[in-house]
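K.L.:
Sequence:
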Amino acid sequence: MKSKIPLFIALLLGLFAMFAVYTLMDQKNKQGQGVMVNVAIAKQDIPKGTKLSSSHFRWFGIPKSIYDHLSNVLIREDEIEDFVDQKYVRQDIKAKEFILKSHFWGTLGEESGDVVAKLTNGTRAISIPVNFIEGVSGLLKVGDQVDIIGTFELDVKGYGNYIFSCVLFSDKTILAVDSFSKIMYMTDQDSNKKRKKYGSVTLLMRTDEMVPLVFALNNASSLQLALKRKEDTTNVMELPPVDLFDILIPRKIRIMNHPIVSQKFKDLGG
53 MKSKIPLFIA LLLGLFAMFA VYTLMDQKNK QGQGVMVNVA IAKQDIPKGT
103 KLSSSHFRWF GIPKSIYDHL SNVLIREDEI EDFVDQKYVR QDIKAKEFIL
153 KSHFWGTLGE ESGDVVAKLT NGTRAISIPV NFIEGVSGLL KVGDQVDIIG
203 TFELDVKGYG NYIFSCVLFS DKTILAVDSF SKIMYMTDQD SNKKRKKYGS
253 VTLLMRTDEM VPLVFALNNA SSLQLALKRK EDTTNVMELP PVDLFDILIP
303 RKIRIMNHPI VSQKFKDLGG
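Each residue of the sequence shown is one higher than the last, beginning at 53 in this note's numbering.
The hints are simulated quantities; they were obtained by calculation from the structure and are not laboratory data.
Worth double-checking, as some hints may not be accurate.
[As the list claims (entries may be wrong)] Straight-line C-alpha distance at most 25 Å; calculated SDA-like pairs for lysine to any residue:
#1 Lys95 with Gly113
#2 Lys209 with Ile301
#3 Lys146 with Glu131
[Said to hold, decoys possible] What follows is a set of in silico ranges between Cβ atoms, one per label pair, in the way DEER data are often shown:
#4 Pro311 with Met262: 42 to 48 Å
#5 Leu291 with Ser105: 36 to 42 Å
#6 Val208 with Arg258: 30 to 36 Å
#7 Asp144 with Thr285: 36 to 42 Å
#8 Val313 with Ser274: 20 to 26 Å
#9 Asp130 with Ser105: 15 to 21 Å
#10 Gly212 with Val288: 25 to 31 Å
Here a beta-carbon is modelled for each residue, glycine too, at the ideal position from N, C-alpha and C.
Please take these sequences and the hints and turn them into a complete structure.
P.N.:
What follows is the structure, given as structure tokens:
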């Protein structure tokens, strides 16, 4: 029930906007229209979960004096580019209804509660288990982007265990934390408590990445998520793998002088 409250509020705003516009227009038509502002109205029925496109709406002129009272609700021509091909309808919109800013949830991977609606051709949703540290101490939320670092342990004959870490994937969007979406966090009284106890995250992956991720999930000794800013364009995939010797040698650790350790390093071509 709580999850329907935002949609109910949006519906009320829509009805209010329609009533206000038509009432004020009737008054203004009697006085003369003056300067007009084009706002978006639905050309056809737009189902919930649809990404808005230019074919879904047309322009409808209303007096500027009316628009000024509803500028935070209606969408005018110079604002539409923030919605077309970017945002998803969060409730059904009927043909000839005004299209409101409150009719939408955020861009891909941010506010939609429907994971399937966020998937496009060539993408898949894959969940991975995380503990408190691997999951960045309970700080992850839907819409965040992460890099994935894997640590692997190989049993090399004649050498023993060889352990190394490397970046496996970068810029992966979080679709869900446990089974919770951002909308659920906003409406669930216990959301903060549940979020900090999450045991899995669901990631948006390309189809060519899903099998390598599953392989890493089943063979890596650990998978660590690294939270990043969406605006950060650093190419972490270019970072080289790191093993024990990459850490020890620059620091001149005395154990490197041990005959066995030294020989192992030489065997690896160091």
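K.L.:
Between Val208 and Arg258, does the beta-carbon spacing fit 30 to 36 Å?
P.N.:
holds (32 Å)
K.L.:
Is 20 to 26 Å a correct range for the gap between the Cβ atoms of Val313 and Ser274?
P.N.:
Given range 20 to 26 Å: holds, Cβ gap about 24 Å.
K.L.:
Between Asp144 and Thr285, is the Cβ distance one that fits in 36 to 42 Å?
P.N.:
For Thr285 against Asp144, whose Cβ atoms are near 38 Å apart, the range 36 to 42 Å holds.
K.L.:
Evaluate the given range 25 to 31 Å for the C-beta pair formed by Gly212 and Val288.
P.N.:
Holds: the Cβ-Cβ distance is about 29 Å, inside 25 to 31 Å.
K.L.:
Given the proposed pairing of Lys146 with Glu131, does the C-alpha separation stay at or below 25 Å?
P.N.:
holds (21 Å)
K.L.:
Within a Cα-Cα threshold of 25 Å, do Lys209 and Ile301 meet the stated pairing?
P.N.:
holds (24 Å)
K.L.:
Kindly confirm whether 15 to 21 Å is satisfied by the beta carbon distance between Asp130 and Ser105.
P.N.:
holds (18 Å)
K.L.:
Within 36 to 42 Å: is that where the Cβ-Cβ distance between Leu291 and Ser105 falls?
P.N.:
holds (39 Å)
K.L.:
Could you grab the alpha-carbon distance between Lys95 and Gly113 and see if it respects the 25 Å cut-off?
P.N.:
holds (14 Å)
K.L.:
Could you tell me whether the CB distance from Pro311 to Met262 stays inside 42 to 48 Å?
P.N.:
holds (46 Å)
When each numbered hint is compared with the structure, no violation occurs for any of them.
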